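Participant: Sequence:
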Amino acid sequence: MNLKIMFLMAGAVGMVLLQVPAVAATHPPDSVAVERVPLELPSKRVQVLERFISVDNVCAWPNLTALGDGTYVATIFNHPSHARMEGQVACYASSDNGRFWELRGKPTPNDPQTNRMNVAAGTNTSGNLVVVASGWSLTPSASQSGQMDLVAVLRPWVSISKDGGETWDINKTGFPTAQEGMTEFIPFGDVLSGSDGSLRVLAYAQSLDKTVNKVSMFKSTDDGKSWQWLSFISDASGSTAFAGGHNETAFYHTGNGHWIAAARRWRSGQAMDLFESNDDGKSWEMIGNLTDDNQHPGHMTALKDGRLLLTYGNRKVGEKGVAVKTSLDNGQTWSDEMIVIDDLDFGQDCGYPASVQLDDGSIMTLYYSRGIETHRRYHMGTVIWKLPLGQIR
Numbered sequence: 039m040n041l042k043i044m045f046l047m048a049g050a051v052g053m054v055l056l057q058v059p060a061v062a063a064t065h066p067p068d069s070v071a072v073e074r075v076p077l078e079l080p081s082k083r084v085q086v087l088e089r090f091i092s093v094d095n096v097c098a099w100p101n102l103t104a105l106g107d108g109t110y111v112a113t114i115f116n117h118p119s120h121a122r123m124e125g126q127v128a129c130y131a132s133s134d135n136g137r138f139w140e141l142r143g144k145p146t147p148n149d150p151q152t153n154r155m156n157v158a159a160g161t162n163t164s165g166n167l168v169v170v171a172s173g174w175s176l177t178p179s180a181s182q183s184g185q186m187d188l189v190a191v192l193r194p195w196v197s198i199s200k201d202g203g204e205t206w207d208i209n210k211t212g213f214p215t216a217q218e219g220m221t222e223f224i225p226f227g228d229v230l231s232g233s234d235g236s237l238r239v240l241a242y243a244q245s246l247d248k249t250v251n252k253v254s255m256f257k258s259t260d261d262g263k264s265w266q267w268l269s270f271i272s273d274a275s276g277s278t279a280f281a282g283g284h285n286e287t288a289f290y291h292t293g294n295g296h297w298i299a300a301a302r303r304w305r306s307g308q309a310m311d312l313f314e315s316n317d318d319g320k321s322w323e324m325i326g327n328l329t330d331d332n333q334h335p336g337h338m339t340a341l342k343d344g345r346l347l348l349t350y351g352n353r354k355v356g357e358k359g360v361a362v363k364t365s366l367d368n369g370q371t372w373s374d375e376m377i378v379i380d381d382l383d384f385g386q387d388c389g390y391p392a393s394v395q396l397d398d399g400s401i402m403t404l405y406y407s408r409g410i411e412t413h414r415r416y417h418m419g420t421v422i423w424k425l426p427l428g429q430i431r
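So the sequence shown is residues 39 to 431, counted in this note's numbering.
If you're looking for bench data, these hints aren't it; they were derived computationally from the structure.
Hints may contain errors.
Simulated crosslink set (DMTMM-like; lysine to aspartate or glutamate; CA at most 25 Å straight-line) [to be verified]: (1) 82 - 374; (2) 82 - 140; (3) 320 - 357; (4) 82 - 398; (5) 248 - 357; (6) 342 - 374; (7) 144 - 134; (8) 342 - 134; (9) 263 - 323; (10) 82 - 331; (11) 144 - 94; (12) 144 - 187; (13) 342 - 107; (14) 354 - 317; (15) 82 - 387; (16) 257 - 323; (17) 354 - 374; (18) 342 - 411; (19) 342 - 383; (20) 424 - 134; (21) 342 - 124; (22) 144 - 387; (23) 263 - 207; (24) 320 - 397; (25) 424 - 357; (26) 200 - 273; (27) 320 - 383; (28) 210 - 260; (29) 424 - 398; (30) 82 - 317; (31) 248 - 207; (32) 200 - 247; (33) 257 - 207; (34) 342 - 314; (35) 144 - 124; (36) 257 - 331; (37) 263 - 218; (38) 354 - 398; (39) 82 - 124.
Since the model is a prediction, treat every value here as computed from it, not as a measurement.
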């Protein structure tokens with residue numbers, strides 16, 4: 039293990055962890071079409087300032103949304119299972135830059151023998167929280183006691199909160215139904231604004247024979263109450279056929295109708311590929327490979343100095359955790375990989391990070407894990423960190 043973890047303090051919500059850096063892991067050779075920009079310093083590890091187990095006993099898959107009043111909201115799945123339990127989407131809020139989190143509300147209560155767990159979230163033009171959430175219908179498992187078997191993907195519900203996540207208006211018919219031969223749509227990532235002022239969200243679906251995945255962009259012209267299909271980012275044809283398409287996709291609007299997206303391959307090693315749109319999301323082109331195999335899914339945001347930050351899960355054996363890259367040119371080229379944490383080796387379940395830059399310039403990243411050596415339960419973790427000195431501008 040490359041990191042030593044020392045428990046420092048138990049709090050009302052979780053435990054504080056101090057991360058002591060050790061020798062950086064060896065970076066694999068580049069094998070991608072997207073150009074890499076060398077780091078100014080040889081460091082491959084960020085500077086970790088603080089780390090917390092923030093919400094215990096949840097599988098989480100956190101989405102991170104900043105509200106205008108300085109509050110941050112984590113939208114998560116609230117049960118300790120990879121989909122095989124009934125459960126709901128829950129919002130936890132932090133008003134102290136991620137050090138403590140409190141339950142704020144539940145955007146989507148689940149029906150019996152279902153869960154609501156796959157989410158996209160963000161704010162609309164009024165600053166209200168918007169959550170799009172699907173999940174699964176379930177049946178009791180014949181082979182695993184206390185667990186459920188997955189039956190079918192549920193149609194997404196759209197939930198909007200005008201009070202920071204405490205109460206919610208739910209529209210159960212506001213999102214499109216499944217396309218022919220495909221499952222219902224599975225939302226992922228952020229809710230963002232396009233150049234025309236409409237809201238955008240991404241969701242993917244799988245063919246009923248499980249051979250292909252397709253990622254689509256959706257558009258809302260009524261502040262998130264209802265959504266319409268806009269375009270395919272990846273549809274398992276042409277340049278995306280080799281991977282059987284893509285699924286969980288992070289995206290970002292750099293301005294003037296230019297979007298970039300980091301999409302997880304359905305097959306072919308489950309690396310992430312970079313996509314680009316220059317017409318406000320109406321059409322997309324695959325640019326090239328972005329990460330190595332088993333590095334997914336991602337999250338994109340802008341830093342205060344204008345750079346883009348790509349945060350992603352790393353499921354490589356021996357370094358499971360969270361890694362990042364930065365871009366100086368709106369995603370055309372990317373830095374080498376930098377490690378945030380690499381000690382999530384207790385099981386395959388880990389990652390799904392989301393990041394935001396805090397007022398002091400540090401970066402807060404949320405992630406989930408099935409456990410670490412000294413805390414063997416599902417949990418949502420928080421790590422606050424800074425880029426290496428050579429990366430600070």
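Participant: Please flag the earlier hints that this structure goes against, numbers listed from lowest up.
Facilitator: Hints 2, 3, 5, 9, 14, 18, 19, 21, 24, 26, 27, 30, 31, 32, 36, 38 and 39 are the ones this structure does not satisfy, whereas the remaining hints hold.
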